[in-house]
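S.K.: As a plain string of letters, each chain reads:
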Amino acid sequence: MHFLKTYRGALGALACAAVLSACGGGGSGDDDSAMPETGKETGVCGQLAGDINQSALETADCQYLSSYRLFGDETNPTTAPNGTGIPYDLTTPLFTDYSSKYRFVFVPEGKQAQYSEKEAFDFPVGTVISKTFSMPADTAFRGFKNERLIETRLMIRRADGWATLPYIWNDDFSDATLQIAGGAVPVTTVHNGNQMEINYRVPDKTQCKQCHQVKVASESASEISPIGPKARLLNRNFNYPSGEENQLSHWEAAGILDGAPADKFGIDTIPAYTDADASLLSGKSDTELMALAKGYLDINCSHCHRPEGGASNTGLHLEYWREFAANLSHHGVCKKPVAYGGGSLSYDVVPGDAENSIIHFRMNTTKPGDKMPEIGRTSVHEEGVELISEWINRGMPSAPACTP
Amino acid sequence: MTIRKNAGFPHSAVKTGLVIGAVALTGILAGCGGSSDSDDTSSTPQFPEGAVMLDAGNLTQSAKEAFINAKSGDVIVFPEGRFDIDDTLGFDASTSGTSIENITITGYGKDKTILDFSGSAGGDGIYIQNGMNVTIKNIGVYEAANNGIKLKNTDGIHIQSVATVWEGALDQDNGAYGLYPVESQNILIEDSYVRGSADAGVYVGQSSNIVLRRNEAVENVAGIEIENSTNADVYDNVATGNTGGILVFDLPIGNHLYGSTVRVFDNEVSKNNAANFANASSNPAGVHIVPPGTGVIVLSTSDVEIYKNEISDHKTTSVAITSYYLADETLSYATHQNVIDDGWDPVPRNIHVHDNAISTSGSAPEGKLIEDIINGYVATAGAVPALLYDGLGELLANAGADPQVAGAPFADGDRVCAENNVASYGQVYGTDPSNPANIDGSGPKARLLFETTQSALLNCATPLPRLSAAKATINGKSYGCGSSESGDSSAASCAL
Numbered sequence: 085m086h087f088l089k090t091y092r093g094a095l096g097a098l099a100c101a102a103v104l105s106a107c108g109g110g111g112s113g114d115d116d117s118a119m120p121e122t123g124k125e126t127g128v129c130g131q132l133a134g135d136i137n138q139s140a141l142e143t144a145d146c147q148y149l150s151s152y153r154l155f156g157d158e159t160n161p162t163t164a165p166n167g168t169g170i171p172y173d174l175t176t177p178l179f180t181d182y183s184s185k186y187r188f189v190f191v192p193e194g195k196q197a198q199y200s201e202k203e204a205f206d207f208p209v210g211t212v213i214s215k216t217f218s219m220p221a222d223t224a225f226r227g228f229k230n231e232r233l234i235e236t237r238l239m240i241r242r243a244d245g246w247a248t249l250p251y252i253w254n255d256d257f258s259d260a261t262l263q264i265a266g267g268a269v270p271v272t273t274v275h276n277g278n279q280m281e282i283n284y285r286v287p288d289k290t291q292c293k294q295c296h297q298v299k300v301a302s303e304s305a306s307e308i309s310p311i312g313p314k315a316r317l318l319n320r321n322f323n324y325p326s327g328e329e330n331q332l333s334h335w336e337a338a339g340i341l342d343g344a345p346a347d348k349f350g351i352d353t354i355p356a357y358t359d360a361d362a363s364l365l366s367g368k369s370d371t372e373l374m375a376l377a378k379g380y381l382d383i384n385c386s387h388c389h390r391p392e393g394g395a396s397n398t399g400l401h402l403e404y405w406r407e408f409a410a411n412l413s414h415h416g417v418c419k420k421p422v423a424y425g426g427g428s429l430s431y432d433v434v435p436g437d438a439e440n441s442i443i444h445f446r447m448n449t450t451k452p453g454d455k456m457p458e459i460g461r462t463s464v465h466e467e468g469v470e471l472i473s474e475w476i477n478r479g480m481p482s483a484p485a486c487t488p
Numbered sequence: 005m006t007i008r009k010n011a012g013f014p015h016s017a018v019k020t021g022l023v024i025g026a027v028a029l030t031g032i033l034a035g036c037g038g039s040s041d042s043d044d045t046s047s048t049p050q051f052p053e054g055a056v057m058l059d060a061g062n063l064t065q066s067a068k069e070a071f072i073n074a075k076s077g078d079v080i081v082f083p084e085g086r087f088d089i090d091d092t093l094g095f096d097a098s099t100s101g102t103s104i105e106n107i108t109i110t111g112y113g114k115d116k117t118i119l120d121f122s123g124s125a126g127g128d129g130i131y132i133q134n135g136m137n138v139t140i141k142n143i144g145v146y147e148a149a150n151n152g153i154k155l156k157n158t159d160g161i162h163i164q165s166v167a168t169v170w171e172g173a174l175d176q177d178n179g180a181y182g183l184y185p186v187e188s189q190n191i192l193i194e195d196s197y198v199r200g201s202a203d204a205g206v207y208v209g210q211s212s213n214i215v216l217r218r219n220e221a222v223e224n225v226a227g228i229e230i231e232n233s234t235n236a237d238v239y240d241n242v243a244t245g246n247t248g249g250i251l252v253f254d255l256p257i258g259n260h261l262y263g264s265t266v267r268v269f270d271n272e273v274s275k276n277n278a279a280n281f282a283n284a285s286s287n288p289a290g291v292h293i294v295p296p297g298t299g300v301i302v303l304s305t306s307d308v309e310i311y312k313n314e315i316s317d318h319k320t321t322s323v324a325i326t327s328y329y330l331a332d333e334t335l336s337y338a339t340h341q342n343v344i345d346d347g348w349d350p351v352p353r354n355i356h357v358h359d360n361a362i363s364t365s366g367s368a369p370e371g372k373l374i375e376d377i378i379n380g381y382v383a384t385a386g387a388v389p390a391l392l393y394d395g396l397g398e399l400l401a402n403a404g405a406d407p408q409v410a411g412a413p414f415a416d417g418d419r420v421c422a423e424n425n426v427a428s429y430g431q432v433y434g435t436d437p438s439n440p441a442n443i444d445g446s447g448p449k450a451r452l453l454f455e456t457t458q459s460a461l462l463n464c465a466t467p468l469p470r471l472s473a474a475k476a477t478i479n480g481k482s483y484g485c486g487s488s489e490s491g492d493s494s495a496a497s498c499a500l
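In order, the protein sequence lines correspond to chains F and A. So for the first sequence, the working numbering puts the first residue at 85; every next one is plus one. So for the second sequence, the working numbering puts the first residue at 5; every next one is plus one.
Since the hints were derived computationally from the structure, they do not count as laboratory data. Be careful, since some hints might not be right.
Stated by the list, open to error - Below are the EDC-like pairs computed for lysine to aspartate or glutamate, each with C-alpha atoms no more than 16 Å apart in a straight line:
{"no.": "1", "chain 1": "A", "residue 1": "K141", "chain 2": "A", "residue 2": "E84"}
{"no.": "2", "chain 1": "F", "residue 1": "K451", "chain 2": "A", "residue 2": "D177"}
{"no.": "3", "chain 1": "F", "residue 1": "K202", "chain 2": "F", "residue 2": "E329"}
{"no.": "4", "chain 1": "F", "residue 1": "K368", "chain 2": "F", "residue 2": "E474"}
{"no.": "5", "chain 1": "A", "residue 1": "K141", "chain 2": "A", "residue 2": "D78"}
{"no.": "6", "chain 1": "F", "residue 1": "K451", "chain 2": "A", "residue 2": "D78"}
To be verified - Covered, in the sense of this in silico footprint (three residues per stretch, anywhere, with C-beta under 8 Å from a C-beta of chain A), are these stretches of chain F:
{"no.": "7", "region": "172–183"}
{"no.": "8", "region": "190–204"}
{"no.": "9", "region": "256–266"}
{"no.": "10", "region": "292–300"}
{"no.": "11", "region": "305–319"}
{"no.": "12", "region": "388–397"}
Said to hold, decoys possible - Over the 12 Å line for every Cβ pair with chain A, so calculated as not near, a few chain F residues:
{"no.": "13", "residue": "A247"}
{"no.": "14", "residue": "N283"}
{"no.": "15", "residue": "R285"}
{"no.": "16", "residue": "L400"}
All residues carry an ideal CB built from backbone N, CA and C; glycine is no exception.
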């Protein structure tokens, strides 16, 4: 895997040239002689200059994923990023129908993301985040060779903010095409020995923002923001070709992150929760269970369920850093739903009684209108439900009883 | 994609054969003076040059792409017919760094362009966010799993002649809200039709500057609900056949948005006697608590004026005004500290009910929440009052018994006052704390005060001032009684 090329400086110069060319009317056919194009697209999306097509990334929504040239093998977006690309993982991922996810960040040469304690890092213009969703034939055997590519989502930091572009892999997996209206992709997998038929849904461009939005104050604009690249989710080791290393340290060493604390142990980090951990829940202490559950709710819910998010009107605030005991109602404890008319249950969380908690009910259904999250899954995350059940039933012994 | 050309009669929703449905239907046609007829027979609507005409052959994708690619000023036209839509149709006006303003979403008529979401993968029908000056008109949204049309964080909403409908039996699995603006400002909803929602047909939540007029809310749990909102005028609407007609609620949400200054006037509120088909959760303030057969309810909201309405044929009560104490026995500073500190006030103050024509009330009272009250009144007075006030919050405030929750003792301007309503009056608790019959060391005591004709109850020596009129400003133009709008066919209501 060559995610760090030695000729980054030269690449940067080429990318600059490409940008200038694009500004000067690139995109018309006039540049053919100076700027060779691929056969697939014309204009800036067809340019071949640079290792990745930075000018297209910053200015155009290309029809084909391959036009951006983000990966060494355009049919495999799970490895070998071009340019400055670096792979990364989150401590605990958002659940998406048991698919595998392959994430890369491409920060333009010489630029840096600014560290933030609580929010997603502030990435410079030109940054690309690529996330590919791929379904294994059996979730016990993940990896590109055993999987079917579904979609690759790009978030691109342009001069006017983040753009979200959903690409769906075509039938022969030779390329992925931009589908701003999203789409349905029927897939199958085997999970814990059970066959699953999944009518996987690729979100449309508006739905991208349904989760990826932050409105800092009531008078400020609602803006698109990444969700995953936050300190509390990135602060873990990753197995790089050069060896295992803390991701934040690696980003600092690669020169793409500025302002992170020297002491990574001091960062309040969401603990890892994998599907295999579900069977270990009974052995977790209350404190461990609280951290696991709050971490799961953070990555799966808090992008909307926060005062700055799409579900601000619900009063449910599930950021990992929000202290539980001092914010019981914001965690749903004995809180009546505000905007949910369905179900026969009374409270978001009834301590000691998961079966009668709305959070559990809505996680445990696939029915539109009832299911949570509203988008991004069509099946139930059994292991997630088990975690939240255990948390509600056992993990909050000091929470009050709800008295109707 | 199935296309059913024959959208049918606009209110074909009422095909259940329920007697109440047929009655309601007759009522609507009579009530709206044939205006819906003229809608039905009007010639093909004219759309401006450059309007985005959606592809009937692939409507879900075509609509999504039009919403995503929208530019300021776009008029997006759904075709005529009935169409199955596969997913929520979302429009976010603030996705590309610049705000997209002044979008119009339209069809050929609320009974001619029908989007059927019964097979949709999404919860909401149409979901609009972060908009500025959005117009939706002449379209019907049917069978959404959750909400028909939801709008969030949008300044300037004009909904005109839109239908949100759940057909068939009134069922708890119907969607929650029909027309649902939330955390929004400057909202005008007019000439629209909502039917069958298992929560509220028109539900305006956590919003401000609201004008609702000439809408028909039929056979929902709540017909029209104003929740945690300020500066709202609800007038010249018809609410009939719902469980409760018009609700003004203030709920403990905890996001700094609480209601006040709501006027409900010149509405026809009748026969809201449907069985409550909301989900029977024990959420203290869910609409499932609405007693079937209730005309107008004020819960916890302060500064509300209810006047010149025709409120008829309600089998439980016509107008109910209550603090949150009645809805939630556990209400205390300990249980609600977050929201009380956030600004929520569970005790309604400055409520003015006057000049309403109230008739035929309390013929067969029911309602689990107020069962004790009903039984008590039936036993002591032989009837449930047509105008019912709990008095409990005011009593506790006056007694200083629960100051963090109930607030300061009532001043004259805080009172609940009523005049010129020909109706029986009732008050569950007396409000004078110096009277040991009202409260003593063991706590407040229900008095079940009753007057066949008003004498002392809610009779204020100091008249309450009238509330100011609301207006909604959309695209630079203001609508409603608080504006200088001309040509409003409901202008007469404003003069009342």
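S.K.: Are the hints correct? Go through all of them and say.
M.R.: Status of the hints after comparison with the structure:
About 13 Å separates the Cα atoms of K141(A) and E84(A), which keeps this hinted pair within 16 Å; it holds. At most 16 Å may separate the alpha-carbon atoms for a hinted pair to count; K451(F) and D177(A) meet this at roughly 11 Å. The hinted pair formed by K202(F) and E329(F) fails the criterion: a straight-line CA distance of about 22 Å is larger than 16 Å. For a cut-off of 16 Å, the pair hint linking K368(F) to E474(F) stands: about 10 Å separates their Cα positions.
Proximity of K141(A) to D78(A) is assessed by CA-CA distance (about 14 Å); at most 16 Å being required, the pair is judged to hold. Annotation: proposed proximity of K451(F) to D78(A) is violated, straight-line Cα distance about 33 Å (limit 16 Å). For the region 172–183 of chain F, the stated coverage by chain A is not satisfied: 0 residues place a CB nearer than 8 Å to a CB of that chain, which falls below the threshold of 3. Closer than 8 Å: that is the beta-carbon criterion, and the region 190–204 of chain F has 0 residues meeting it against chain A, so the requirement of 3 is violated.
Against chain A, the region 256–266 of chain F contributes 3 residues with a C-beta closer than 8 Å to a partner C-beta. That satisfies the three-residue criterion, and the hint holds. Counting residues of the region 292–300 of chain F whose beta carbon lies closer than 8 Å to any beta carbon of chain A gives 4, which meets the minimum of three for the stated coverage. Chain A is given as covering the region 305–319 of chain F, and this holds because 4 residues of the stretch bring a CB closer than 8 Å to a CB of that chain, at least three being needed. With 4 residues carrying a beta carbon less than 8 Å from a beta carbon of chain A, the region 388–397 of chain F meets the three-residue requirement, and the given coverage holds.
In this structure A247(F) is not separated from chain A by more than 12 Å, as the shortest Cβ-Cβ distance comes to only about 7 Å. Residue-level check failed: N283(F) sits 8 Å from the nearest beta carbon of chain A, not beyond 12 Å. A beta-carbon of chain A is positioned within 12 Å of the beta-carbon of R285(F); the least distance is around 6 Å. At roughly 9 Å, the least C-beta separation between L400(F) and chain A is not larger than 12 Å, which violates its mark as non-interface.
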